[in-house]
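Protein chains in written order, with our numbering: chain A, 1 to 211; chain B, 1 to 388; chain C, 1 to 151.
These are calculated hints, taken from the structure and not from any lab test.
Keep in mind that the hints are not guaranteed to be accurate.
To be verified - Here are the simulated lysine-lysine pairs, DSSO-like style, with alpha carbons at most 27 Å apart:
(1) K3(C) - K287(B)
(2) K339(B) - K292(B)
(3) K209(A) - K3(C)
(4) K287(B) - K233(B)
(5) K189(B) - K33(A)
(6) K149(C) - K277(B)
(7) K41(C) - K127(B)
(8) K209(A) - K41(C)
(9) K103(B) - K3(C)
(10) K137(C) - K339(B)
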Amino acid sequence: MLMQGLFLGLSNGVTCVAYCTPVLIPYMLGEGKSVAQNFLALSQFLLGRLAGYLAFAFVAWLINLSVLERLGSKGLLIGALYIIFSCFLMVYAFFKTDAPCAARSIGYIAGKIKVPFLIPILAGLLSGLAFCPPFLLAMTDAASEGSLSYSLFFFFMFFIGTSIFFIPIPFVGMLRRLTALRIIGKMAAGIVGLYYLYAGIITVIAGVKGI
Amino acid sequence: MRTDTHQAPQGEGKGRTIILTVMMAVITAIMFSHGKIPQDPKEAIALIVTFLFANTLFFLLIYTGKTDRYRAVYFSTFAVALIISFISHMFEARGSMSLSEAKVLQCEVPFCHLVIPMTLVPMALTKTIIFPGSLIGGYASIASMFVLWIGATLALGRGFCSWGCFYGGLDDGFSRVLKRPVIKKINPKWIYLPFAVLLFVVLTAAAYLSPTYCTWFCPFKAVTEFEAVTSTKILIQTIIFVSLFIGLVIVLPILTKRRTQCAFLCPFGAMQSLTNKINVFDVRIDKEKCVKCKRCIQVCPTLSMSEESLEQGRPRITCMKCGKCIDNCPKGAISYHVKGTDVAGNNRAYRLLFLFAAFLFISIFSSHIIQDGIIRVLKLITTGSMIS
Amino acid sequence: MPKIRSILGYMWAGAAIIVVFATFLGSSIFGRALVAASGVKISPLYSGGEVVRSVDHGSYKALIHRPVFDALIGERSEGFIQLNWEPLAGLPPVIEESVDYNGDGKEDFSVRIDTKTGKTTLTRINPQVASIEESVKLDDGWVARVQLKKD
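Given these sequences and hints, build the entire structure.
What follows is the structure, encoded as C-alpha cells:
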C-alpha cells in the first residue's frame with residue numbers, strides 16, 4: 001500500500017519536473033555553478049519540497065481539507081508565498097548584488113555560511129505547498145487513510161518517486177563557461193518572478209473572495 | 001563621424017544592374033502572378049504596382065550600393081500591408097479582430113512564425129502541435145509556416161528578421177521617424193533579454209502545453225487578432241500586449257532609433273540568432289580598413305555591433321543582416337560575406353549573392369500580401385469599405 | 001585548400017538562392033510531406049482528441065471524443081472530454097446527451113443545452129466528472145467540454 005506513494009510519484013514525476021524547471025533551470029544557469037554545486041542547489045530545492053510535502057501530509061491528516069478550501073486560507077497562504085518568492089526572484093535577477101542571495105540581510109548571513117540556500121529552498125517549498133497537479137492525487141490518497149504516520153510516509157515515498165526525474169537538471173552546470181548564459185539565466189529567473197507575482201496576486205484575490 | 005576620405009558603398013554599373021534587374025523582374029512577374037493575368041482591374045493594378053515597386057527598389061539597391069534604405073522601404077510596406085490585409089480578412093471571416101472561443105475550438109487560428117520556438121519541445125515529445133490552428137490548408141496553416149521557416153533559416157539565418165518577418169517592418173519604420181535618437185545610451189546587457197524570454201517560453205510552453213508567448217506577451221496581437229476580454233486574466237494579458245506594442249514597437253524605436261521589439265523581446269529572433277552560426281552569409285569587418293569610428297555601433301538597430309565586434313571583425317550572432325552598418329561605414333570596411341571565402345575578397349559578389357537570395361525571399365513572400373493590401377485600399381477608395 | 005573552401009562557399013551561397021525558390025514553389029508539397037513524415041497532429045488539448053463514437057439523433061448527430069488527459073510525457077490528473085453536435089437538418093432547441101466516457105456501461109454524466117440561450121446544465125453521476133469547461137456555439141453546430149479527473 002505504501003509503495004503506492006512511490007509508484008504514484010514515479011508515474012507523475014515528469015509533470016512535477018515540467019512545472020518546476022521554469023524556476024530551476026534559469027536559477028542554475030544564472031548562478032553559473034558547476035554540476036556538483038548544482039546538485040547541492042537541487043538537494044536544497046528537494047529539501048524545501050519535502051518540507052512542503054510533509055507539512056501538508058500533516059495538514060491532510062489533521063484538518064478536513066475541504067474546510068480549508070472553502071475558507072480560502074490556502075489561497076491566501078499560497079498567494080502570499082508566491083508574491084514573496086517573486087520578489088526574491090526579481091531582485092536576484094535585476095539588481096546587481098555580490099551576496100549569493102537577493103535579500104541583502106539574509107544574503108549577508110548566507111554569504112557567511114557560503115551556501116546560497118534561500119531561492120532553491122523557497123522554490124522547493126512553494127512547489128511542495130502549491131498543490132502541483134500530481135500532488136493533488138497524492139493528497140487524496142493520503143487523506144483517505146486515518147493514520148498520521150501513513151500520511152507522512154505516503155508523501156515521503158511520493159516525494160522520492162518524483163525526485164528521481166530531477167536528476168538531469170543540475171547538468172546545465174556544464175554550460176557555466178558561457179558567460180552569456182549566466183545573464184540569460186538571471187533574466188529568465190526575473191521573468192519567472194513576474195509570473196509568480198501575477199499568480200500570487202490572483203491567488204490572494206481568489207483566497208480573499210473565498211473567505 | 002565622417003572623414004574626408006568617406007567611401008560610399010559601391011553599387012554596380014548600369015549594365016550589370018539592368019541585367020540583374022531584368023532577371024529579378026522575370027522571376028517576380030511569374031511568382032507574383034502565378035502565371036495568370038488577373039481579369040479584375042483592381043487585382044491587375046495591384047499586381048502591376050507591386051511588381052514595379054519591387055523591381056524599382058531592387059534596381060536602386062543594386063545600382064546605388066545602399067542596402068538598408070531601400071530594404072527598409074520594402075520591409076515597412078510589407079508590415080503595413082499585412083496589417084491592412086489581415087485585419088480586413090478577420091472582419092470578413094468573423095466580423096471582428098477578436099478571437100472567439102469557437103474559432104479556437106474549431107482550430108481555425110492563423111499560425112505565425114513566432115509560435116515556432118514554443119512548439120518544438122512538445123512536438124518532439126508528443127508529436128503534436130500545441131496550437132489551435134490548421135495543419136494544412138486554410139489561412140496561414142502550420143505546415144506552410146514551418147516550410148517557410150526552414151527555407152528562411154537555410155537561406156538567410158537571422159536575416160529573416162530583416163528580409164522576411166512581416167512584423168519587423170513596424171519597429172523598423174518607427175525607428176526612422178526622428179533624425180537623431182533621444183535616448184542614446186542603452187545598456188548592452190538588454191540584448192540577452194530575448195534569449196531569457198526564449199528560455200522562459202520554451203520551458204513554460206512545454207510544462208503547460210500552451211503557447212505562452214502568444215497568450216501573454218506577443219505585442220503584435222494589437223494589429224492582428226486577440227482574445228475577446230471576458231475575464232480578469234484576459235484583461236491583464238491585453239494590458240500587457242498593448243503596453244508592449246506601444247512601448248517596444250512605437251515609442252522606444254522612435255526615441256532610440258533601434259528596433260527595440262526585435263532586439264530586446266522577440267524569442268523567435270533569439271532562436272534565429274542561433275541559426276546564424278550555420279548560415280552561409282554573414283557580415284564581416286575588414287580590420288585593415290576599419291578606423292574604429294564606431295559609427296556602426298551607433299547605428300546598428302539591434303546593438304549587434306560592439307567594440308568587441310570591431311576587434312573580432314564580426315558582429316554578434318544577433319546580427320539581422322539589414323545592411324545599416326554597411327551603408328554607414330565611412331571606410332567601406334563592413335560588407336556582406338560568404339563563409340569560406342576571403343573577407344577582403346570579392347565583396348561585391350558576396351553582396352549580390354546575398355541580396356539576390358534575400359530580395360527574392362522578401363518579394364515573393366510579401367507579394368500576395370502587398371497586392372491584397374493595395375486591393376483593399378482600392379476597395380476603400382471605390383466603395384468606402386475595405387472588406388467584401 | 002582556401003580555394004576549395006571558397007568554391008564551396010560560393011556553391012553554398014548559390015544553393016541559398018535555390019532554397020528560396022524551392023521554399024515558395026514547393027511550399028504545399030513540402031508542407032504535406034513534412035506532416036506525413038513527422039506524423040504530427042494538432043494537440044488533443046486544442047483539437048479535442050479523436051472522435052470515438054457517433055450518436056445519431058435524427059436531425060443531428062453527436063460526436064463523442066476520447067477523454068483527454070495528455071501531458072508532455074504521460075498523463076495529467078485533470079482533463080476533459082469534448083462533445084460536438086453537428087446538425088443534419090438543424091440543431092434542436094434543446095440538446096440532451098448522456099455520456100458513458102469510460103466504457104463501463106454506466107452513464108457518467110448528462111448535458112443539457114438550450115441552443116437558443118446557450119444555457120448548459122451538467123448532471124454529474126460519476127464523481128470523476130468535474131464541471132463544464134466550455135459550451136460554445138459553432139458556425140455549424142455546438143461544442144462542449146466537460147472537465148474530468150483521472151481515475
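Here's how the hints hold up against the structure:
| no. | hint | result |
| --- | --- | --- |
| 1 | K3(C) - K287(B) | holds, 22 Å |
| 2 | K339(B) - K292(B) | holds, 24 Å |
| 3 | K209(A) - K3(C) | violated, 74 Å |
| 4 | K287(B) - K233(B) | violated, 53 Å |
| 5 | K189(B) - K33(A) | holds, 20 Å |
| 6 | K149(C) - K277(B) | violated, 47 Å |
| 7 | K41(C) - K127(B) | holds, 7 Å |
| 8 | K209(A) - K41(C) | violated, 40 Å |
| 9 | K103(B) - K3(C) | violated, 56 Å |
| 10 | K137(C) - K339(B) | violated, 56 Å |
Against the hints set out earlier in the document, violations occur for numbers 3, 4, 6, 8, 9, 10.
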